[in-house]
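Undergrad: Each chain is listed here by its residues.
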Amino acid sequence: MLIKTVSKEYVNELLLSDKRIDGRGLLDFRKLSIKTGIMPHAEGSALVELGNTRVIAGVKIDIGEPLRDKPDEGALMTGAELLPMASPKYEAGPPSPESVEFARVVDRGIRSAELVDMQSLFIEKEKVWMVFIDMYVMNADGNLFDAGSLASVAALLSARMPKLEGEEIIRTGNLHKLKTNGIVTSCTFGKIGDKLLLDTNGNEEEYASTRLTVANDEKYIRAMQKGLSGDMSIKEIQEMIDISADKSKELRSAIKRAVEE
Amino acid sequence: MEKPQLIKNGKRLDGRSFDQLRPIKIVAGVVKNATGSAYLEWGANKIYAAVYGPTEALPKHTANPKQAVIKCRYSMAPFSSLEEHGRSGANRRATEISKVTKEVFENAIMIEKFPNSEIDIYIEVLQSDGGTRAAGITAAGVALADSGIPARDIPFAVSAGKANGEIILDLDKLEDNYSDADMPVAIYPNLGKVGLLQMDGSLTKEEFDKAIGMIKESGREISKIQKAAISEMYE
Numbered sequence: 001m002l003i004k005t006v007s008k009e010y011v012n013e014l015l016l017s018d019k020r021i022d023g024r025g026l027l028d029f030r031k032l033s034i035k036t037g038i039m040p041h042a043e044g045s046a047l048v049e050l051g052n053t054r055v056i057a058g059v060k061i062d063i064g065e066p067l068r069d070k071p072d073e074g075a076l077m078t079g080a081e082l083l084p085m086a087s088p089k090y091e092a093g094p095p096s097p098e099s100v101e102f103a104r105v106v107d108r109g110i111r112s113a114e115l116v117d118m119q120s121l122f123i124e125k126e127k128v129w130m131v132f133i134d135m136y137v138m139n140a141d142g143n144l145f146d147a148g149s150l151a152s153v154a155a156l157l158s159a160r161m162p163k164l165e166g167e168e169i170i171r172t173g174n175l176h177k178l179k180t181n182g183i184v185t186s187c188t189f190g191k192i193g194d195k196l197l198l199d200t201n202g203n204e205e206e207y208a209s210t211r212l213t214v215a216n217d218e219k220y221i222r223a224m225q226k227g228l229s230g231d232m233s234i235k236e237i238q239e240m241i242d243i244s245a246d247k248s249k250e251l252r253s254a255i256k257r258a259v260e261e
Numbered sequence: 262m263e264k265p266q267l268i269k270n271g272k273r274l275d276g277r278s279f280d281q282l283r284p285i286k287i288v289a290g291v292v293k294n295a296t297g298s299a300y301l302e303w304g305a306n307k308i309y310a311a312v313y314g315p316t317e318a319l320p321k322h323t324a325n326p327k328q329a330v331i332k333c334r335y336s337m338a339p340f341s342s343l344e345e346h347g348r349s350g351a352n353r354r355a356t357e358i359s360k361v362t363k364e365v366f367e368n369a370i371m372i373e374k375f376p377n378s379e380i381d382i383y384i385e386v387l388q389s390d391g392g393t394r395a396a397g398i399t400a401a402g403v404a405l406a407d408s409g410i411p412a413r414d415i416p417f418a419v420s421a422g423k424a425n426g427e428i429i430l431d432l433d434k435l436e437d438n439y440s441d442a443d444m445p446v447a448i449y450p451n452l453g454k455v456g457l458l459q460m461d462g463s464l465t466k467e468e469f470d471k472a473i474g475m476i477k478e479s480g481r482e483i484s485k486i487q488k489a490a491i492s493e494m495y496e
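Chains as they are written, first to last, in this note's numbering: chain A, 1 to 261; chain B, 262 to 496.
Chain A on its own, in the form it takes in the complex:
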């Protein structure tokens, strides 16, 4: 293993006095940076750095057929690649359960928040725009969910909308933006012992027994996902929902800043 790890005993010892191995408070995010438009061939793109975790999201928009149960809406598809270059733990091959869960949790937040205006993607009978989000994990150091969700939302909010001229898809030039509503973000907590830690780094994540992701926008909780084999109390969950509502303010403004730049 190439990643240097701090022992569980030391992590626990620090946690007794609410300290973390990188000096953060329990409910602090690591340094966050969001850059949009980094891959201009894609209709939308963003790079998120959360500490040493780096996730790139690319948005492509193509023409396809609508889902059978939603004939007058476009389609949204979210994929995730845990690139083998991102960690010695990742291997090339078919999607792992971890990457599938990651993509689905991010997708669920975006979908439930109705962030993409799906009706605006309708072209004509049997012909709609399909929005593909692909998250590429470039370096994995914990909390992919929040980083991936920030990258996906920033990429969607900065995406240009291709247009049809006859049968030809026009992807560059003077284009409108993809129609979106609001901003959804997530806060993911790891539980180590009886402590709840926001934004666990890769080292902390190894010792977390339980994980909870809460995705919300300004008004509502939009998605939640408990992960790992441990458990948590209802009181703890309520606490994390409140923290998420509070912390999401700074995440939303970080996205706004990145999209406006």
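Careful, some of the hints might be misleading.
Unchecked claim - Simulated crosslink set (DSS-like; lysine-lysine; CA at most 25 Å straight-line):
1) A:K35 with B:K293
2) B:K332 with A:K89
3) B:K363 with B:K332
4) A:K8 with B:K293
5) B:K360 with A:K89
6) A:K89 with B:K321
7) A:K195 with A:K249
8) B:K321 with B:K332
9) A:K179 with A:K249
10) A:K35 with B:K286
11) A:K177 with A:K163
12) B:K293 with A:K89
13) A:K226 with A:K195
To be verified - Computed footprint of chain B on chain A; a stretch qualifies when at least three of its residues, placed anywhere within it, have a C-beta under 8 Å from a C-beta of chain B:
14) 34-41
15) 76-90
16) 135-144
Don't read these hints as lab results, they were simulated from the structure. Note that CB positions come from ideal geometry on N, CA and C, so glycine has one too.
With chain A's structure known, arrange chain B on it following the hints.
TA: Chain B only, in chain A's frame:
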């Protein structure tokens, strides 16, 4: 589809002369978890390369008691092209590029020093605009140097080809699509040897000589940029 005029008044569509490279920028050490890594921008190409190892060769039956096993994955992101959403994962093109790239580095790395181990090379093309295999090898060369794994040489690669009857260096996507020949080449500059050579289209012997000459000459500039990326790590 009709071929566009790729050369006008002795210049290429993007204004380059025949033997001129696109702008190249390389930053080393960008993937923190990797033993060595590099991010490269080459024209509109944007590529990450990372090297991991040497580690124990796994699964065990792949191990070679005499030398390290080199594994290489070249892959393009589904959002890398200005056209439609691509399918990610292995396809025949990526499989072949992974293989020839692996061979370039098997020769460059002193694999005999690491029996029973493996060294992994990953090349991820996040944005593509022609010449990605060459750019990927050039980036992986820097990632290798950054890793500190003993190597005989740091290869660079670039392609040359033919458009409207002229031999041109470093074809971009549009030129690649409509060219009459394309020839990506990797060279070990200190050894003066060729590590990768592919070609399709049509070239006369004279045209080949001209193309390979251009490639070799451009290596001075590419190697310089590779070295600068490494020395910046120590400033």
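Undergrad: Mind listing which of the numbered hints don't hold for this structure, in increasing order?
TA: Hint check: nothing fails, all pass.
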